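Peer 1: Based on the provided sequences and hints, a complete structural model is requested.
Protein sequences, first through last, are from chains A and B.
Mapping of the first sequence onto the working numbering: position 81 corresponds to residue 81, and the numbering continues sequentially without gaps.
Mapping of the second sequence onto the working numbering: position 70 corresponds to residue 70, and the numbering continues sequentially without gaps.
If you're looking for bench data, these hints aren't it; they were derived computationally from the structure.
There may be inaccurate statements among the hints.
Identical copies look the same in the list; a pair holds intra-copy or inter-copy alike.
Claimed, not checked - Here are the simulated EDC-like cross-link-like pairs (lysine to aspartate or glutamate), alpha carbons at most 20 Å apart as the crow flies:
hint: 1; residue 1: K196; residue 2: E186
hint: 2; residue 1: K196; residue 2: D209
hint: 3; residue 1: K48; residue 2: D146
hint: 4; residue 1: K198; residue 2: D209
hint: 5; residue 1: K231; residue 2: D209
hint: 6; residue 1: K57; residue 2: E70
hint: 7; residue 1: K94; residue 2: E53
Since this is a predicted model, take the numbers as computed values, not measurements.
2 protein chains.
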Amino acid sequence: MSKLITVSQAAGELKAADKILILAHHYPDGDTLGSGFGLCRALRAIGKTARVECSDKIPDKYRFMFENMEQAADFEPEFICAVDVADTLLLGDKLSVYADRVELCIDHHCSNTRYARKLVLNPEYAATAMIVAEIIRELGVEFDRDIAACIYTGIATDTGCFKYSNTSSYAMRMAADMLDCGINSEMINRTMFDMKSKARIELERMALDSMRFFLGDRCAVMVITNEMIEKSGAGEDDLEGLAPIPRQIEGVYVGVTMREKQDGTFRVSVRTDNHADASAICSLLGGGGHVRAAGCTISGPQDRAVEAILEAVRSVIC
Amino acid sequence: MSKLITVSQAAGELKAADKILILAHHYPDGDTLGSGFGLCRALRAIGKTARVECSDKIPDKYRFMFENMEQAADFEPEFICAVDVADTLLLGDKLSVYADRVELCIDHHCSNTRYARKLVLNPEYAATAMIVAEIIRELGVEFDRDIAACIYTGIATDTGCFKYSNTSSYAMRMAADMLDCGINSEMINRTMFDMKSKARIELERMALDSMRFFLGDRCAVMVITNEMIEKSGAGEDDLEGLAPIPRQIEGVYVGVTMREKQDGTFRVSVRTDNHADASAICSLLGGGGHVRAAGCTISGPQDRAVEAILEAVRSVIC
Numbered sequence: 001m002s003k004l005i006t007v008s009q010a011a012g013e014l015k016a017a018d019k020i021l022i023l024a025h026h027y028p029d030g031d032t033l034g035s036g037f038g039l040c041r042a043l044r045a046i047g048k049t050a051r052v053e054c055s056d057k058i059p060d061k062y063r064f065m066f067e068n069m070e071q072a073a074d075f076e077p078e079f080i081c082a083v084d085v086a087d088t089l090l091l092g093d094k095l096s097v098y099a100d101r102v103e104l105c106i107d108h109h110c111s112n113t114r115y116a117r118k119l120v121l122n123p124e125y126a127a128t129a130m131i132v133a134e135i136i137r138e139l140g141v142e143f144d145r146d147i148a149a150c151i152y153t154g155i156a157t158d159t160g161c162f163k164y165s166n167t168s169s170y171a172m173r174m175a176a177d178m179l180d181c182g183i184n185s186e187m188i189n190r191t192m193f194d195m196k197s198k199a200r201i202e203l204e205r206m207a208l209d210s211m212r213f214f215l216g217d218r219c220a221v222m223v224i225t226n227e228m229i230e231k232s233g234a235g236e237d238d239l240e241g242l243a244p245i246p247r248q249i250e251g252v253y254v255g256v257t258m259r260e261k262q263d264g265t266f267r268v269s270v271r272t273d274n275h276a277d278a279s280a281i282c283s284l285l286g287g288g289g290h291v292r293a294a295g296c297t298i299s300g301p302q303d304r305a306v307e308a309i310l311e312a313v314r315s316v317i318c
Numbered sequence: 001m002s003k004l005i006t007v008s009q010a011a012g013e014l015k016a017a018d019k020i021l022i023l024a025h026h027y028p029d030g031d032t033l034g035s036g037f038g039l040c041r042a043l044r045a046i047g048k049t050a051r052v053e054c055s056d057k058i059p060d061k062y063r064f065m066f067e068n069m070e071q072a073a074d075f076e077p078e079f080i081c082a083v084d085v086a087d088t089l090l091l092g093d094k095l096s097v098y099a100d101r102v103e104l105c106i107d108h109h110c111s112n113t114r115y116a117r118k119l120v121l122n123p124e125y126a127a128t129a130m131i132v133a134e135i136i137r138e139l140g141v142e143f144d145r146d147i148a149a150c151i152y153t154g155i156a157t158d159t160g161c162f163k164y165s166n167t168s169s170y171a172m173r174m175a176a177d178m179l180d181c182g183i184n185s186e187m188i189n190r191t192m193f194d195m196k197s198k199a200r201i202e203l204e205r206m207a208l209d210s211m212r213f214f215l216g217d218r219c220a221v222m223v224i225t226n227e228m229i230e231k232s233g234a235g236e237d238d239l240e241g242l243a244p245i246p247r248q249i250e251g252v253y254v255g256v257t258m259r260e261k262q263d264g265t266f267r268v269s270v271r272t273d274n275h276a277d278a279s280a281i282c283s284l285l286g287g288g289g290h291v292r293a294a295g296c297t298i299s300g301p302q303d304r305a306v307e308a309i310l311e312a313v314r315s316v317i318c
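Peer 2: Below, the structure written as structure tokens:
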């Protein structure tokens, strides 16, 4: 069970440490990477040796976060800090060796399993990057353009570019502070939200084809199979950002996106509007997350998996 | 030629006036309507008689701006104020009778033709609603939730929900202030940016099916035929916002969306990135527009129309 600590205590821990390994979650997104690289850059600015690791390959669109950063010489970590990682399972295969050694976790998921020795948790914040920004301030590091771009990306991606209900005025003001550091927010937003590969467009077409409606059209389910992924030529990068699509349809309370995995199980993303609690739905199936966005894993075959998620949805919205 | 005045002078003009008619531009968008209804509500709060008019029917998605507002009894306007209207031509048919009588124009377009007697112009601002918000402050009116929702909508729609390069930190902080008034930004953003009908999703799927790539994949062409529109059941509202899709594909310099009209001609929308001038392409075919977004009309049949646009694209990007 983690000891809950404050932002300023977390900064103190980091100041006292060195050879800091920062862990991002697998299937990395803008928040875990923005938090990780933002923190890493700030730690280096105060003379620490630090690097970021992730079990999965980091998608090209996040390259700007680290491409002008020196590679840290390989070092044996003395202090391990996880960012935006709610559960050790989310460390993924490669990083699972560190599961029992996480000294500090910085996170905004209320579902955090408190696996780290110390935990800074703020479920009120839209993004872990917001907590990291506060820690960076406490470290006394001035935000340069690179740090600001990392923090901005974390906030922008986790709020759907300031679109979702988790966007507080504080989140917007913090993003405004980052703009004042001279970042190219248009480039970041175009890369994060608007750029699609040909394979992605093809996959999107097939995914839209698969869309089915249930519970009086209040629930829409979209399935992405291995066959679709193969046929479209989509890579890991192309699979991101599909989850919101079903919920964007008029009248849909619960949007479900199911992605078939190599082992035949389905990784399920649930998005809801204010009529339903996504986290309640997913927790019925052993998953978790936020009120409007949550996830779980269900075993196949596809029809049984759809059945299972529909049953959970039904029990929550009816 | 307009006299340029300050925000506080504009507030003075409005304070001194009564029976104020506020004009929005035709094909109304979130900024002209948010500016108009925000200002109208503020003027009413200080006891003025005021109403907003627009030549075109106001789309349903903007209803929230005025549905809980009392209809102003019909009055003969004594003071006419245009918001976000760069040119009297943009008043549209119905409001063109007022073209020579506009006392005050509030606008952010540098292309403003200075037709009003007095003009508050700030081309640095992403939205006219930002100038209106400053005027409302000068009027001494406290922002309630309704006024804030109008101003927020103006800023959000003209910045693509804070995505475009015109998004200043000041714009974000002003939007943050509006959030603090307790608006439901998620509802607004969902309505403005994310809501799609089932027919729209179906049409999008068919449109993606039609996508073809040319000129070494630097040009993508998507065609929307009358048959697709009919089959999907899409209405006029559902056709909005399809034009950007082809250009969002990685590596595509020129994205072309062609929409078949009832008479068999094609209305062509061209979107470009910084490699090509959309307006140059369209002007070769008798159309025009901006550097990144332009349009023209080409006669059918479809194959010949695609040929024609490709020839124009080729001559500009090669």
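Peer 1: Work down the list of hints and note, for each, if the structure agrees.
Peer 2: Each hint tested on the structure:
1. Taking the shortest Cα distances, K196 and E186 sit within 20 Å of each other inside one copy (15 Å), while across copies they are farther apart (25 Å).
2. In this assembly of identical chains, K196 and D209 lie within 20 Å of each other by CA distance both inside one copy and across copies; the values are 18 Å within and 15 Å between.
3. For the identical chains of this complex, K48 and D146 are intra-copy neighbours only, at 17 Å inside a copy versus 50 Å across copies, given an alpha-carbon limit of 20 Å.
4. Both within a single protomer and between protomers do K198 and D209 lie at most 20 Å apart by alpha-carbon distance, with minima of 17 Å and 12 Å respectively.
5. With identical chains, the CA atoms of K231 and D209 are at most 20 Å apart both within one copy (14 Å) and between copies (14 Å).
6. For the identical chains of this complex, K57 and E70 are intra-copy neighbours only, at 18 Å inside a copy versus 57 Å across copies, given an alpha-carbon limit of 20 Å.
7. Proximity of K94 and E53 under a CA criterion of 20 Å is satisfied intra-copy only: 9 Å inside one chain copy versus 62 Å between copies.
When the structure is compared with the earlier hints, no violation turns up for any of them.
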